[in-house]
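Enquirer: Sequence:
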Amino acid sequence: MYKKIIAGLLGLAAFATVGAGTTNAHAASTVQIAGQTARKHYLHIATYYRTTRATKVTINYEKTHSTKLKSYSKSMTLPKGTIVDGDAHSFGTATTGSLYPEVHFNSNRLSYNLLNKGVKKGYQANEIGTSIATGSFKQISTPAYMPTWSYGDLYLGGASATKQPDESSQNVQITDNGYVEVHKKNAAAQFYNRYFNKPVASAKIKKTTNKGSTRYLYLSKSLKGFKTTRVGHKGAYEYRLSMKNLHEPQVNPSNNEDADYSSFYSLYSLGGKTYYTPLGTSGPTTD
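Letter by letter, the sequence shown follows residues -27 to -1, 1 to 260 of mature numbering (1 follows the signal peptide of the UniProt record, and there is no 0).
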């Protein structure tokens, strides 16, 4: 079972419930998921920004198959209109020790093709992206294509898969900048980047509509291996992929006797297959 590290969760946003309701006593800070109280600070809730112009950023890249950490950084330009999640109110540290304003964002939640042009062989983007162009990032609402309380990462399998010690064989990533990417697990890579390899299938999301528990993602092409509906024969919205919240939240108690918290997951039907997405944890009983 793939478990994401949740330290440093970014921002809060208002979401529709997914088998969960807001508690009366702590409406602003806690919710109920499958009968358990979860602190929103520990859920997968991100703050999103859109670039208002072509924006220079710095991306960090790591060696994929290495027992030792090997990395390097390089600059690239995000096109105008690119959506990222992160913190636009961070600071970098100059060589003099002084601080300067800087945007920090999660680069590994962007599409593979955008991030990995001209990258050294054997390297791929990790989580770190920065920019000093703070005025180029405008805060926006959570994109409609993002599952609720999720970073867009879905893993093949149902309820039983959330309880397995091993990661799923396949991951679907709804990227911040609006792509559906299908990845096979790279078991030889470090555990935290086993799904950041080149996707076996990818399609751009051109439009999203919501109806009840289902998000309909309109794609410019079909997604190999998934059931899509042909809705047109020309233009941007030729294929439709359904992503339905099954409203069967899963709760797993911690296996660590020193950490008294639970992990939460939602189940989705995506193109005719069942996937789960991590929602975060209940958080410690005390901070």
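Don't read these hints as lab results, they were simulated from the structure. Any given hint could turn out to be false.
30 Å max Cα-Cα, derived DSS-like pairs, lysine-lysine [to be verified]:
#  : residue 1 : residue 2
1  : Lys200    : Lys13
2  : Lys47     : Lys13
3  : Lys217    : Lys207
4  : Lys177    : Lys246
5  : Lys36     : Lys13
6  : Lys157    : Lys36
7  : Lys207    : Lys158
8  : Lys246    : Lys53
9  : Lys136    : Lys180
10 : Lys111    : Lys157
Across the chosen pairs, the derived CB separations fall in these ranges [as the list claims (entries may be wrong)]:
#  : residue 1 : residue 2 : range
11 : Arg26     : Lys194    : 41 to 49 Å
12 : Gly70     : Thr107    : 16 to 24 Å
13 : Lys177    : Thr50     : 38 to 46 Å
These figures come from a predicted structure and were not determined experimentally. Even glycine gets a Cβ: it sits at the ideal position worked out from N, Cα and C.
Enquirer: Compare the structure with each hint and give your call.
Expert: Status of each hint after checking the structure:
1. Lys200 with Lys13: With a Cα-Cα distance of about 34 Å, the restraint between Lys200 and Lys13 is violated, given a limit of 30 Å.
2. Lys47 with Lys13: violated (34 Å)
3. Lys217 with Lys207: holds (26 Å)
4. Lys177 with Lys246: holds (20 Å)
5. Lys36 with Lys13: Not satisfied, since the Cα-Cα distance of roughly 34 Å exceeds 30 Å.
6. Lys157 with Lys36: It holds: about 18 Å lies between the C-alpha atoms, which stays within 30 Å.
7. Lys207 with Lys158: Violated, at about 34 Å.
8. Lys246 with Lys53: Status violated; Cα separation ~34 Å.
9. Lys136 with Lys180: The given pair, whose Cα atoms are some 34 Å apart, is violated under the 30 Å limit.
10. Lys111 with Lys157: violated (33 Å)
11. Arg26 with Lys194: 41 to 49 Å: With a Cβ separation near 29 Å, Arg26 and Lys194 fall outside 41 to 49 Å, so the hint is violated.
12. Gly70 with Thr107: 16 to 24 Å: holds (20 Å)
13. Lys177 with Thr50: 38 to 46 Å: Violated: the Cβ-Cβ distance is about 19 Å, outside 38 to 46 Å.
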